[in-house]
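So the sequence lines, in the order shown, correspond to chains A and E. The first sequence begins at 48 in our numbering and counts up by one. The second sequence begins at 758 in our numbering and counts up by one.
Treat the hints with caution; some may be incorrect.
Mimicking SDA-like on lysine to any residue, the simulated pairs with C-alpha atoms at most 25 angstroms apart in a straight line are [claimed, not checked]:
#1 E:K947 - A:R143
#2 E:K947 - E:S858
#3 E:K1021 - A:V133
#4 E:K947 - A:I50
#5 A:K194 - A:L183
#6 A:K194 - E:F989
#7 E:K1021 - A:G232
#8 E:K853 - E:A926
#9 E:K853 - E:L943
#10 E:K1021 - A:M141
#11 E:K1021 - A:R222
#12 A:K194 - A:L217
#13 E:K1021 - A:L316
#14 A:K194 - E:I987
#15 E:K853 - E:L840
#16 E:K853 - A:M59
#17 E:K1021 - A:T219
#18 E:K1021 - A:K194
#19 E:K947 - A:I63
#20 E:K1021 - A:L217
#21 A:K194 - E:N990
#22 A:K194 - A:V303
#23 E:K1021 - E:V826
Keep in mind that the hints were calculated from the coordinates and are not lab data.
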Amino acid sequence: MRITSANAVFLMLGPIGFFVLFFLAPFGLLIGESFMQPGGGVTLANYTSVLSDAYYWGALLNTLLISLWVTLVCFLLGYPLAYFIVFHVRRAWMRRAIYVLLMTPLFTSNIVRAFGWIVILGRRGIVNTSLLMIGLIETPLDILYSKLSIVIGLAYILLPVMVLSICSVLQTIDRSLVEAARDLGARPSRAFLTVTFPLSLPGVIAGSIIVFALSVSAYVIPSILSGGRAMVTPILIFQQYTATFRPDIGATLSIVLLAVTLMLIGTYLIIFERRLRTVGEPQ
Amino acid sequence: MSPNLANQFGRFLIAGVSWIAMLYLALPLFVVIAISFTTTEYLKFPPQGLTLRWYWQMVSDPTFVEAFVVSGQLAAAATTAALLLGVPAALVFARKPFPGSQTLSALFLSPLVLPTIVLGVAVLQYASALGFARSFWALFVGHVVLVTPYVIRTSLASLSGMEPAHEEAAQDLGATPMQTFFLITLPQIKPGVIAGALFAFINSWINVEVSIFNSTAQLVTIPVKLFNYIQFNIDPTLAAVSAATIYIAVVVVVAIDLVVGIEKAAVNTTADTRT
Chain A
48 MRITSANAVF LMLGPIGFFV LFFLAPFGLL IGESFMQPGG GVTLANYTSV
98 LSDAYYWGAL LNTLLISLWV TLVCFLLGYP LAYFIVFHVR RAWMRRAIYV
148 LLMTPLFTSN IVRAFGWIVI LGRRGIVNTS LLMIGLIETP LDILYSKLSI
198 VIGLAYILLP VMVLSICSVL QTIDRSLVEA ARDLGARPSR AFLTVTFPLS
248 LPGVIAGSII VFALSVSAYV IPSILSGGRA MVTPILIFQQ YTATFRPDIG
298 ATLSIVLLAV TLMLIGTYLI IFERRLRTVG EPQ
Chain E
758 MSPNLANQFG RFLIAGVSWI AMLYLALPLF VVIAISFTTT EYLKFPPQGL
808 TLRWYWQMVS DPTFVEAFVV SGQLAAAATT AALLLGVPAA LVFARKPFPG
858 SQTLSALFLS PLVLPTIVLG VAVLQYASAL GFARSFWALF VGHVVLVTPY
908 VIRTSLASLS GMEPAHEEAA QDLGATPMQT FFLITLPQIK PGVIAGALFA
958 FINSWINVEV SIFNSTAQLV TIPVKLFNYI QFNIDPTLAA VSAATIYIAV
1008 VVVVAIDLVV GIEKAAVNTT ADTRT
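Work out the full structure: start from the sequences and follow the hints.
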């Protein structure tokens, strides 16, 4: 459709206006708040106190470490599943069923999904009861309310994102390349390692960065599944507004979290741009 | 190991890990649904007996009903606004790109990857400064920012998959831009727009991080209500309310499958998080 410049301006007025007023302005205010002195005036004091405090660093390190584990688990479970969906599942109804299985958790609140893990991992939960019953353990394990339960919960939440990201790339791989490798005498494992896997790397990298970024900023799962025993940055931010009432520190921590996320997304975009240039595929 | 055996082993390994991954995905929701029918006063899996008592408890508790109503109104309002903002934006991005339109579309899509908790905090402070903190309107603007990207993305995908010649033919024959949009464009991009609206609705419906900073004791959405409830009670009523939200998720997934096909919607909307 041909749109005149005047009409384009008219159509963009609403979206731009709304995002300036309720997206850019609130974030601007938040940035401003992080540089604010209690009495008024501009200061770096909030940043120096946040960045020099071992407690905040510990939480950030914890957050990054948990996110790294989550990304690894998502990759190890997600790659085979994506490969399975794209190359092994032949029946349309089954592929459809798997997609429903991937999407339903994504459409359910984090609270509900965390609650499911409480039931499974709790002291009287399914895992402990079964292990006790078959006599593998004598006292219930403390799986719930630990870093492990946070990793289990977050990896569960983000697994669909990783799977779909890898699927979207695996689908586009030209299968005749794999066949060519096989015809030239490569074993299936070698064909996979030298053809399929390298070609699917953009999906893996994209999925990993998104999973990592989303788990760095996750609040609900760590808050419910940590039981207060593991501190992550999003929980710290929440506490500044609800417990310690230090919005200035809360704003500063928010900006730090935002900066970490933006760096990750920036890396993602750079990698993606490079791929576009090398592959030359119009997107 | 002979090559054939190795090949067999590889297939077996992939299938095995895939089934474990699928079990991992299915288990938590299955467990929540199962225990919501237990006759015991505490959580029990496998559930004992079969009762709808906890669902009755849910619908007879006005605070739960109220939270469902707030969530529904908020999600409907946010989705409507997202459509009114997102479809025109996508139309301009697809049909009349201008210098800076790439940056602008990145800005509009960025709420998908930015920490939602930071958006919640930002809206709280902004609304406090302007005097509408912890109100329906504070929730509304936060949710609109959060869900508009879904509408923009699915509409963009539909618009770029469409034959522009039809629109041009209509315009050549004298149709106004308005007529062209409603008679030619909209009918063709409708599945994408509906899918976007469903994604927008559900992501508003399940959001905790933006809502939690902007709700009050009286004004709570269902996820925030559950979040507050779970701090003190872990009981079958919680399971029933949670299960109810899972049923809604399934309905929306089925709706998306009927409109555009779940596979296409899943890969287009979720995987490609490029901004």
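Looking back at the hints listed earlier, which ones does the structure fail to meet?
7, 12, 18 and 23
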